[in-house]
Amino acid sequence: MTFNSLDWIILLAYLTATVIIGLWAKKYVEDLSGYMVAGRRIKVSLGVATFAATEIGIITFMYFSELGYVSGFSCFVIGILGLLAYMFVGSTGFIIEPLRRLEVMTIPEFYEIRYSRRVRLIGGIILFLGGVLNMGIFLKFDGIFLSEVMGFGESALMIIMIIMLVVVVLYTILGGMFSVVVTDYMQFTVLAAGILVALIAVLLNVDLSSIGETVVRQYGEAGVNPVVNSRFGWTFIIWILISNVAAGALWQPGASKALASESPTVAKRVFFFTSLTFAGRAMIPMFIGIAALTYLGPNESPSAAAPKLLGMITPHGFLGLLVAGMLAASMSTYSAYLLAWSSVATRDVVACLRPNNLSEKDTIRLTRIFAAAIGIFLLFFGLLYKIPDTAFQYLFITGAMYTAGALGCVTAGLYWPKANNVGAYTSLIMGALAPAIFLILGKFPEVLPDGLKFLVDVNIAGLLSFGLAAVGMIAGSYFTQKLSPPKQIAIGGTGE
Amino acid sequence: MNWGITIWLIIFAIGATVFFAIAAVVAVKGFWDLMDLLTLTGTKERESESKSKSNDDD
Numbered sequence: 479m480t481f482n483s484l485d486w487i488i489l490l491a492y493l494t495a496t497v498i499i500g501l502w503a504k505k506y507v508e509d510l511s512g513y514m515v516a517g518r519r520i521k522v523s524l525g526v527a528t529f530a531a532t533e534i535g536i537i538t539f540m541y542f543s544e545l546g547y548v549s550g551f552s553c554f555v556i557g558i559l560g561l562l563a564y565m566f567v568g569s570t571g572f573i574i575e576p577l578r579r580l581e582v583m584t585i586p587e588f589y590e591i592r593y594s595r596r597v598r599l600i601g602g603i604i605l606f607l608g609g610v611l612n613m614g615i616f617l618k619f620d621g622i623f624l625s626e627v628m629g630f631g632e633s634a635l636m637i638i639m640i641i642m643l644v645v646v647v648l649y650t651i652l653g654g655m656f657s658v659v660v661t662d663y664m665q666f667t668v669l670a671a672g673i674l675v676a677l678i679a680v681l682l683n684v685d686l687s688s689i690g691e692t693v694v695r696q697y698g699e700a701g702v703n704p705v706v707n708s709r710f711g712w713t714f715i716i717w718i719l720i721s722n723v724a725a726g727a728l729w730q731p732g733a734s735k736a737l738a739s740e741s742p743t744v745a746k747r748v749f750f751f752t753s754l755t756f757a758g759r760a761m762i763p764m765f766i767g768i769a770a771l772t773y774l775g776p777n778e779s780p781s782a783a784a785p786k787l788l789g790m791i792t793p794h795g796f797l798g799l800l801v802a803g804m805l806a807a808s809m810s811t812y813s814a815y816l817l818a819w820s821s822v823a824t825r826d827v828v829a830c831l832r833p834n835n836l837s838e839k840d841t842i843r844l845t846r847i848f849a850a851a852i853g854i855f856l857l858f859f860g861l862l863y864k865i866p867d868t869a870f871q872y873l874f875i876t877g878a879m880y881t882a883g884a885l886g887c888v889t890a891g892l893y894w895p896k897a898n899n900v901g902a903y904t905s906l907i908m909g910a911l912a913p914a915i916f917l918i919l920g921k922f923p924e925v926l927p928d929g930l931k932f933l934v935d936v937n938i939a940g941l942l943s944f945g946l947a948a949v950g951m952i953a954g955s956y957f958t959q960k961l962s963p964p965k966q967i968a969i970g971g972t973g974e
Numbered sequence: 007m008n009w010g011i012t013i014w015l016i017i018f019a020i021g022a023t024v025f026f027a028i029a030a031v032v033a034v035k036g037f038w039d040l041m042d043l044l045t046l047t048g049t050k051e052r053e054s055e056s057k058s059k060s061n062d063d064d
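As they're listed, the protein sequences go chains D and R. Position one of the first sequence corresponds to residue 479 (our numbering), numbered consecutively onward. Position one of the second sequence corresponds to residue 7 (our numbering), numbered consecutively onward.
Isolated chain R, as found in the complex (with noise of 0.2 Å):
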């Protein structure tokens, strides 16, 4: 093999390591910042409704 795709392997090989790496930290957290996006906006959502409900009885 000559160098020229010795050094493209090498670099092949950091970039798909990286990749599965970013790949499974994301799936980790990824799904605390969903949960934290998901109850946010779902207490947001009971928010208004309890204040238009609020709204409603003045």
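Same shape as in the complex, but just chain D (with noise of 0.2 Å):
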């Protein structure tokens, strides 16, 4: 089933819709705190849908479906670790509600507070590259689900790709936080209905003795028990539960949320509501993508299974619907992240690099001209990186680049008295070499000897990412309190 003209017509009128209202909410930025945090007066529902919509996004489903595809409902424990993570982070306020209370607008400015500008500096790059990285590979993975769902060839897509990226960029930069979070609540609205289509259509079609036949059939024990398949076990376990907790507490564009949240009380009940929409934004896509291999056989490639399945059995109308929803939930996570990461790049970096301070109206200004570098990238490094493994694993180890001595700096910065400099510049190296060491030689791995084969393993450099930042945080800070005395700050803020 392709495209007709009812879809056509959904999704120009959800376009056109977007583009209006993100414009228009460009009105709205008065100084820069609008600009980046909405002025901080986000309440609580309308936090929740803004946050959802920038976790959930093409790619979030078609590497949630690939991994369907390949593992059965094994994976499936990666959704219940996504809710524990994010629930902890919700119902302490862990980070998130000293951070809100320090009235920061990007993470690394919490490192000059507690640490120095330099370090600031360290932190504001390696969470831009992670992050940029991280991102990199959105483009590809959206073109790949609209090719199957809406049957186009190569050369359409682009097109299609370059108009949606235009259009958030856009937006993004006239209006800010603003536009991102006017789009993101109707963006959310669409992709849930969108969602819901796909999941009606899938149970309509695939029965489910089938899948559990299937499953069995196809993986056996591995397919139910994540302990016993060789994607995951324990390592894997750990290293997402850790790594949950610091991306919910610390990536830039899930955490402006909590940032630009009305009180750090409010903060916290976003990313406690959020948590429990975690669950299903794993499950439903993997759900879907062991559908797709029970209708369409193993032999499918495991990214394009899941889209392919919904272009054949959605009808005509819901298609539309669906692609929409689809779109919405790209759309509203390319804005989140673009605005995050070009608000690092100009106030954590280039900022920093200067003698004096930037005006709001530069800072404002050069956020845009990144926001807008930083989509031109999307479209290069789409097409010309090739993925290692499953997309999953890909974008939890470029996060592991940044979250890992993120959390090590923020977690001692605020609950360790003894932290100081030496160790978040240790903290922040040592946290970035496992994922970086992981991503270059994973392209050379019959240069390491047979002891260091390793730091390939993409589970284990995840989980040793975590474990270096800890270790230089506290061997850094521990032997070096006299050469580099903390710095303490209190924690009392405006906030409520």
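By construction, these hints were calculated from the structure, which means they are not laboratory data. Hints are supplied without guarantee of correctness; some may be wrong.
[To be verified] Which residues of chain D face chain R? A partial, calculated answer using Cβ under 7 Å:
(1) Ser523
(2) Phe551
(3) Phe554
(4) Tyr663
(5) Gly690
(6) Thr692
(7) Val702
(8) Leu754
(9) Ala757
(10) Gly758
(11) Met761
(12) Ile762
(13) Phe765
[Unchecked claim] Computed footprint of chain D on chain R, listed as stretches where at least three residues anywhere in the stretch have a Cβ under 8 Å from a Cβ of chain D:
(14) 13-25
(15) 35-46
[To be verified] Pairwise CB distance ranges (calculated):
(16) R:Trp9 to D:Ala850: 51 to 59 Å
(17) D:Phe855 to R:Thr45: 34 to 42 Å
(18) D:Thr743 to R:Ile16: 48 to 56 Å
Treat the numbers as computed from the prediction; the structure is a model and nothing was measured. C-beta: ideal position from N, C-alpha, C; glycine also.
Build the complex: two chains, separate frames, hints provided.
Next up, the structure:
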């Protein structure tokens, strides 16, 4: 089944509404805090909508459905781990509550308050590189999804992707967080409707008992038990749990939603209620991936199987709604990421390199230039880079380049009085080391001696990054207390 | 179907239901939050405009 005129009308109506609303929200930007954190006036329900929309894109659908196709039900454990990690952050206020009290706009800003301007610069560079590399593959997966669901060739797809990117870059550049929040709300409702359509179409066409039989026949015990599945195991489970706590509290696109909340209490509640969507966010696309395995057999491309299934079984009209929903999901993710990484590049890298502070006007102008530059980069990187293993692991390992060191720096900075500059440098650098080694040497595993082959195991590299960052912070700070006396800060704030 | 699959399907059903329930609640309540945000921002904008106008008059 391919797109017909009804599907096109639905899709074009949605895209037009997004452009108009996104540009209209620009008029609410009054100053820098309005541009970057929507004036810190976001309440719980709107916070949940914008946070959940940021966390769900076509890329999320693609990597989770890919995992469902290649591993059966055992990957469902990832949804449980996400739920537990975000619920922990939301119920305890771990990291996000004190950061919101300090009224920072980006995570590296905290490094300057607690450590030094130079730590902020290094933290900002690592966050920017990890974040943009992480985002680099989004367009490629969006392209695969759209080509399978809509039934177009690659040339038409490039045009659709460029139009989508231009629309997102345009309203993000002009309206900042206001446009992001307003469009996120609309996009969250459209994406939830799109996901519901997809799930109903699958449940009507693929029966549950065949799904169960296919998983057992194809994967045996490994299709049900994540501990015995060679892709996962305990190393993976521990890594993903820690990684989710770190990403929940410190991944700039998501954390910015806590920093934009009305108060620290609202920030906690936003995280708690969003965490409840995390099991479904992972398991629904995984289930569709497993259904694709059942319906299409095991010889399809794992990343293309789920969208292919949806393209085949979704009726016209609903197909337009599904694609609009998925594009909505992607646009909300792109806009939040573009704003997050361009803010970090401006405030935590360029501004830190200058002797004088940037004016508010210059900061907004430079942020807009970076957002446009990142948009152009995405187009080229997505086409050229070959992704190692599954997309899920690529995203978590590039994310670990930043989150591992950041978890060490921010946790110790907030909760351990002995944390100092040396510990912060060591933590940031050692946290980025294992993922960087994996990404580079993973291309040439033959150069490694047998004893070091474990470095190109994605699960070990991921877990190692958090271990090294923690050791770096503790040892670096502990042995250099006299050389670099720790700075103490009061986290009172005026947040409430 | 074996027990492992049945348990995962039950967990999946709960996860999906909670996801759509929260989406429905947020769609309704989020609209009012959005209106509040825009109204409040619009009011503050007007206040700061009139303040700067009265400063100019002085």
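We went through each hint and held it up to the structure:
| no. | hint | verdict |
| --- | --- | --- |
| 1 | Ser523 | holds, 4 Å |
| 2 | Phe551 | holds, 4 Å |
| 3 | Phe554 | holds, 5 Å |
| 4 | Tyr663 | holds, 5 Å |
| 5 | Gly690 | holds, 4 Å |
| 6 | Thr692 | violated, 10 Å |
| 7 | Val702 | holds, 4 Å |
| 8 | Leu754 | holds, 5 Å |
| 9 | Ala757 | holds, 3 Å |
| 10 | Gly758 | holds, 3 Å |
| 11 | Met761 | holds, 5 Å |
| 12 | Ile762 | holds, 6 Å |
| 13 | Phe765 | holds, 6 Å |
| 14 | 13-25 | holds (count 10) |
| 15 | 35-46 | holds (count 10) |
| 16 | R:Trp9 to D:Ala850: 51 to 59 Å | holds, 54 Å |
| 17 | D:Phe855 to R:Thr45: 34 to 42 Å | holds, 38 Å |
| 18 | D:Thr743 to R:Ile16: 48 to 56 Å | violated, 34 Å |
The structure is inconsistent with the numbered hints 6, 18, although it conforms to all the rest.
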